[in-house]
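Visitor: Turn these sequences into a full structure, and let the hints steer you where they fit.
Protein chains: 4
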Amino acid sequence: MNPVRVCVVGVGRAGMVHATNFKNNVPRASLAAVVDADLELAEKRAKDLGVDLFFSDLYELLDRAEIDAICITTPTFTHAEIAIAAARAGVHIFCEKPMALTLKETEEMIQAARKAEVILQMGFMRRFDPVFIAAKERLDRGDIGRPMLIRSLTRGPGLPPPWACDIKTSNGMLAEVNSHDFDTIRWLGGSEFVRIYAEANTLKCFDLKEEFPNFYDNAIVTFRLKNGTLGLLDGACPVGYGYDARAEVLGSEGVILIGELQDTAVVSCTKSTGLVASNFPGWRERFREAYIAEARHFVECIIERKEPKVTGEDGKRALEGVLAANKSIQSGVPISLGGS
Amino acid sequence: MNPVRVCVVGVGRAGMVHATNFKNNVPRASLAAVVDADLELAEKRAKDLGVDLFFSDLYELLDRAEIDAICITTPTFTHAEIAIAAARAGVHIFCEKPMALTLKETEEMIQAARKAEVILQMGFMRRFDPVFIAAKERLDRGDIGRPMLIRSLTRGPGLPPPWACDIKTSNGMLAEVNSHDFDTIRWLGGSEFVRIYAEANTLKCFDLKEEFPNFYDNAIVTFRLKNGTLGLLDGACPVGYGYDARAEVLGSEGVILIGELQDTAVVSCTKSTGLVASNFPGWRERFREAYIAEARHFVECIIERKEPKVTGEDGKRALEGVLAANKSIQSGVPISLGGS
Amino acid sequence: MNPVRVCVVGVGRAGMVHATNFKNNVPRASLAAVVDADLELAEKRAKDLGVDLFFSDLYELLDRAEIDAICITTPTFTHAEIAIAAARAGVHIFCEKPMALTLKETEEMIQAARKAEVILQMGFMRRFDPVFIAAKERLDRGDIGRPMLIRSLTRGPGLPPPWACDIKTSNGMLAEVNSHDFDTIRWLGGSEFVRIYAEANTLKCFDLKEEFPNFYDNAIVTFRLKNGTLGLLDGACPVGYGYDARAEVLGSEGVILIGELQDTAVVSCTKSTGLVASNFPGWRERFREAYIAEARHFVECIIERKEPKVTGEDGKRALEGVLAANKSIQSGVPISLGGS
Amino acid sequence: MNPVRVCVVGVGRAGMVHATNFKNNVPRASLAAVVDADLELAEKRAKDLGVDLFFSDLYELLDRAEIDAICITTPTFTHAEIAIAAARAGVHIFCEKPMALTLKETEEMIQAARKAEVILQMGFMRRFDPVFIAAKERLDRGDIGRPMLIRSLTRGPGLPPPWACDIKTSNGMLAEVNSHDFDTIRWLGGSEFVRIYAEANTLKCFDLKEEFPNFYDNAIVTFRLKNGTLGLLDGACPVGYGYDARAEVLGSEGVILIGELQDTAVVSCTKSTGLVASNFPGWRERFREAYIAEARHFVECIIERKEPKVTGEDGKRALEGVLAANKSIQSGVPISLGGS
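Protein chains in written order, with my numbering: chain A, 520 to 859; chain B, 520 to 859; chain C, 520 to 859; chain D, 520 to 859.
Please keep in mind that the hints were generated in silico from the structure rather than gathered at the bench. Just so we're clear, the structure is a prediction, and the values are computed from it rather than from any experiment. Positions of the beta carbon are idealized from the N, C-alpha and C atoms, including for glycine. Mixed in with the good hints there might be a few duds.
What the hints assert, rightly or not - Simulated crosslink set (SDA-like; lysine to any residue; CA at most 20 Å straight-line): (1) D:542 with B:808; (2) D:623 with D:607; (3) B:566 with D:791; (4) D:566 with D:533; (5) C:566 with A:521; (6) A:790 with C:682; (7) D:745 with D:804; (8) A:790 with D:607; (9) D:745 with D:781; (10) C:728 with C:661; (11) C:790 with B:724; (12) B:655 with B:746; (13) D:542 with D:521; (14) C:745 with D:720; (15) C:745 with D:533; (16) B:745 with B:852; (17) B:790 with A:653; (18) D:728 with C:747; (19) B:655 with A:792; (20) B:634 with B:807; (21) C:835 with C:686; (22) D:846 with C:852; (23) D:542 with B:630; (24) C:825 with C:521; (25) B:790 with A:795; (26) C:728 with C:682; (27) C:655 with A:795; (28) A:542 with C:816; (29) B:825 with B:630.
Stated by the list, open to error - Ranges of calculated distance between the beta carbons of each label pair, as one might list FRET restraints: (30) B:547 with D:828: 27 to 35 Å; (31) D:725 with B:532: 54 to 62 Å; (32) C:819 with A:825: 32 to 40 Å; (33) A:571 with C:659: 54 to 62 Å; (34) C:661 with A:569: 37 to 45 Å.
Guide: Below, the structure is given as structure tokens:
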């Protein structure tokens, strides 16, 4: 069959990771076009990527280009409109996290995809990471019994863009950086959130706090899942030292540790430095293989018409957790959720 | 000068660790006597340890034996009475954690020691552990900037004794197992607790839950310290897989990881097992050196009449945290503390 | 420009790794044909790979198919003939290690490629491995001063094919398994071999020893390089526990450790197993990225007409070392080499 | 019974480690005296250690002091005379490695101890190290089948004293630094040396090479044991970066790795440094527990009149290996040994 023609919408950093993968690393896909609100950037990226078509307007793309799927890597507050328009045009949707700004939006996205019978896959790439997959397999195999307590953390090296510092336009760091952890705790815990409590503070970016009163750069969240499992999340951004994504599952019969700070298996040692190794500078390095695997999976789901491993429902549930945590930070009390 | 004559009160497992150390590993101390409510056990232990004096009654000891110091390793609810009696007799006090059952008791212990001008040292041995010390030195040296977020966990391999399962007689697992983490978070965070929230659940010992309605075997606690630092604690007991004590400090310029699961630096690998290493079976193995170091420090403080590194005040503060966490578990809301 | 059309010659295990990479993971290449002496296998593999052209005869391929390059993954004793024929047909050559059976053959291959002005790249994929590259960068940056002592080891999980057990048809395990280490020691040591001594023994496959009197399954080799650096190699096959490739460079100011047994960064721990991690089952898993990178480099060299990072000269030098080590094993004395 | 009265002969660095241990960490021993050719140093050390008796002359000690055992930590070339005199005086002997300068001396020491029925224990402390012991237990339990190949390395941080740079007065680095590795290979291999080949070079201390023509600061040695096991040793001194002692056993069913560079289980990570841990600065830090354990074992053997785990025979065998390796370095050929 013909390759799946993919258009990447939003060609910032994350967009370029996906665009490069769809072009070079997904055998049954071809990169057909790019879209960016900034037409000059779209043109430049198209040229870099060797792609003929570029647009600043999504609707023009949907009207004029023959594409099978889009990959949404624009700011969060634009996701819903783009996804819904794509669905209506019969185009499959890969959507970066966080899914959208509100639960209502996520619901509309899910309904639009369902109605149009297009694939809607969320970009929780950890589910495609060899390390997380190996851990999940051990867990599912019963190596450590039932999960009792799950920890997941993400810390990012640098500052997010301004729109992501304002909780109103982004739901803040817990959405932009820690969406993955909300998904990981649900995924590994095998159950839904019933209670969430969060503490947050600004301990580094005092300037941003002045500009955005709701801003925080450190947060911790506790979870109670419906099946009784407890969860712990911590997030911080910018931490400077690199990208840090680790998790841990305590089970009734043992424990699983997932991920580590160290990047390549090279260590050197001198008198003046002591033992030195390198860590992951960013998410691109840490999850390079996972980004390829999720792109391949998306294309496979389109070709074989099967449900993706990470659905719109998963995106919605993660957002539900984020919103509850932000509400807890603002109100100072734990927030209960339906849990089913 | 003559060696410091120490009596160990309570010769269960922890008591025997201390008794053996005072006998063999603290050059300037001698083990002079043991006390245990169970006279037969006291006699047996005395014989094993090569000690002539043994008692079932503390007051008999204080009356009849010439001792300089006691080491209290009895159940928590007996600590206050023993410590106060020792202080009145002019005997220095080493007290295992948790310090006592109530804040009132801890205050009385502190006052009694102060009045009698005797040393009162708390058994937070992590402060004497080479691993924790190396981490604290890096932190104090500014290697990672100011602390922003601290994680500390303790998980124990086996079941505590029945009295420690009942919150009324022990303050539960958070006191018996996780007192160390409350101390670690204060110590590394360099500030006092101002808000504590906790979630707990029974996910393994369902029988004990029936017997003791307040029982829990898994807990997570969040902290906000006065200086703004956030804290995270998790505890579980019994976890079966061994003794697990780790911590982590996220600072404004980097991160420090403290402790690891692996015990000796030996790894083997075969086709059927994969890579296999050994972990710490219990606290005795993990903190063997720390127990020796804290005993030596105690004797040094007595001889040199200096204040110990871990005081009654530290014991009281840790208990304050435990009590707040238990209150949060029972009430479902965060608990505020004075923080100073 | 048009993609580089590659034909893989020899579609056993290693051949399929390369074929899959040229097909899926090298953007500027296309897999155009496969050749295998076993026509049925060639047909089957062609079908699996979605390739139209397959041959049992190299000359037929060279006559009839339009290809730009071949990848030689046949048994060692066939490399020279294939490479020379390809060169004469103006076809670029990627050649798996070991380069050939004799130094004479390697020299003829180099001359043929030079005369035809085609690329000749050797398959020492460690030079393309992120771990080895990171180590080489530290070394070149002077992090540990001048190299003084280099260790390199390779141990393989399973038995080689029969032809590789007979030293006459393969130069034995040191050639088939440890060619990489000979290259690594030259590469990291930055100098040529001047003296080689080896010990070998059969300690596991006693049956093979009866069949092939020159067989050995364990070997150690010492090196003296022209610049004075010492080298150590150990090899063993089959070791059963997995694929093991590590190296170490001791420099005048420090040490670099390269590679480790552990595969994914997942560790689990239970009472019955202790700490358990997974190791690399085989070379495909350990060097997956390196195989892609070397294939991309080969195609890049063809397109940009530049010299590859690993040349026929490197292949010849590694073979020179292997031959000297085998001679040392047979004679019981150290063997001197020209060293320049 | 009364404590075993120990005299330490030679109170340099190693002597002080033993003296401190006999004084503080061996419950059934007392440090009774010190001897040093330098009387002033002997007096100073005696004062530091709180010991009344000190001598510059061994015979005076043996005449005048009531002691049960001596610990020999003088330069190698003095060991034999001291040990033999002690044996004749009925005094038990703990002897630091290397045992002596010649095989004849070692034989006389063994005979003297045997005749006098005194304990003669060699200071191969690795046999008392928790890490090496854990590895040996795994090996003996059959976790990895029969040993096929053993690697052992020791690298020291600083320069040895001048007498140890001259092969004539010390047998050089292989004796002074790597005696332990010769013992480890025999111990873990469970067999005797039958062939030894060595390469050595001066790659750092060019000055010392001028002063002592036989000097080398890097060496590699290969071994063939009587049971067929192969061995590999590497040594270097001074390496600057710290003390490095690791070993590895490849067995017929798997592999065991022994020891690692990292010291405490603390890791920190910042943007400017990457991942940083600390390594062992010296042998005192790396083998602190092993030194205590071997001293306790020695005293236990005296009290219980049992044979020590490391005998004079072990000291002799290690020396035999060292001498063969030095001979190989000088002659350029492998050296055969009796092997039984």
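Visitor: If a hint holds in the structure, say so; if it doesn't, say that too.
Guide: Against the structure, the hints come out as follows:
no.	hint	verdict
1	D:542 with B:808	18 Å, holds
2	D:623 with D:607	18 Å, holds
3	B:566 with D:791	58 Å, violated
4	D:566 with D:533	17 Å, holds
5	C:566 with A:521	18 Å, holds
6	A:790 with C:682	48 Å, violated
7	D:745 with D:804	35 Å, violated
8	A:790 with D:607	46 Å, violated
9	D:745 with D:781	34 Å, violated
10	C:728 with C:661	45 Å, violated
11	C:790 with B:724	17 Å, holds
12	B:655 with B:746	18 Å, holds
13	D:542 with D:521	14 Å, holds
14	C:745 with D:720	12 Å, holds
15	C:745 with D:533	38 Å, violated
16	B:745 with B:852	19 Å, holds
17	B:790 with A:653	17 Å, holds
18	D:728 with C:747	14 Å, holds
19	B:655 with A:792	19 Å, holds
20	B:634 with B:807	33 Å, violated
21	C:835 with C:686	18 Å, holds
22	D:846 with C:852	14 Å, holds
23	D:542 with B:630	38 Å, violated
24	C:825 with C:521	18 Å, holds
25	B:790 with A:795	31 Å, violated
26	C:728 with C:682	14 Å, holds
27	C:655 with A:795	15 Å, holds
28	A:542 with C:816	18 Å, holds
29	B:825 with B:630	17 Å, holds
30	B:547 with D:828: 27 to 35 Å	31 Å, holds
31	D:725 with B:532: 54 to 62 Å	58 Å, holds
32	C:819 with A:825: 32 to 40 Å	36 Å, holds
33	A:571 with C:659: 54 to 62 Å	41 Å, violated
34	C:661 with A:569: 37 to 45 Å	39 Å, holds
Consistency note: the structure conflicts with the earlier hints numbered 3, 6, 7, 8, 9, 10, 15, 20, 23, 25 and 33.
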